[in-house]
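Let the hints inform the model, and build the full structure from the sequences given.
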Amino acid sequence: MSLKLNKRDRRAFRAHYRKRGKLPLRLVVSRKNRNFHAQIIDDTSANTVYHVSTLSRDFVRNGGVLNSSIVGDLAEYFVSRIPESLKGSRVVFDSGASAYHGLVALFAEKVRACLEF
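In short: position in the sequence shown from 1, add 23, done, that's the working numbering.
Since the hints were derived computationally from the structure, they do not count as laboratory data.
Fair warning: this is a prediction, and the values are worked out from it, not measured in the lab.
Please note: incorrect hints may appear among the correct ones.
Stated by the list, open to error - As a list, the in silico DSS-like pairs of lysine-lysine whose alpha-carbon atoms are at most 27 angstroms apart:
#, residue 1, residue 2
1, LYS45, LYS133
2, LYS45, LYS110
3, LYS30, LYS42
4, LYS30, LYS55
5, LYS133, LYS55
6, LYS55, LYS42
7, LYS30, LYS110
The structure is reproduced here in structure tokens:
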């Protein structure tokens, strides 16, 4: 049985497979039309260490459409709320099926102040 995946999903799977196991922590970013999710995953124990999204209760969001100001605010919220044990640690950045461009790149550049990748 063959899987019918488009090129984007196959590329994301290959990239994810190569990044898994390089470092114990992985920063995974997921971008949808209305929401943005970011989580730090510990690959050794397969647990999510920290997660934040535009749907979080504490994150105040103004407007319905996802834009650069909302993602910038989410990145600042992510950096301010990250646990002290994770600050300054090395992580692998995994953007999944999203290209490192636009909102994903903006989020990554703002998070580089706290994490090293």
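The hints, checked one at a time:
1. LYS45 x LYS133: Holds: LYS45 and LYS133 sit about 23 angstroms apart, inside 27 angstroms.
2. LYS45 x LYS110: 19 angstroms, holds
3. LYS30 x LYS42: 18 angstroms, holds
4. LYS30 x LYS55: Measuring from Cα to Cα gives roughly 18 angstroms; hence the hint holds.
5. LYS133 x LYS55: 19 angstroms, holds
6. LYS55 x LYS42: 22 angstroms, holds
7. LYS30 x LYS110: 35 angstroms, violated
In terms of the numbered hints stated before, the structure departs from hint 7 and from no other.
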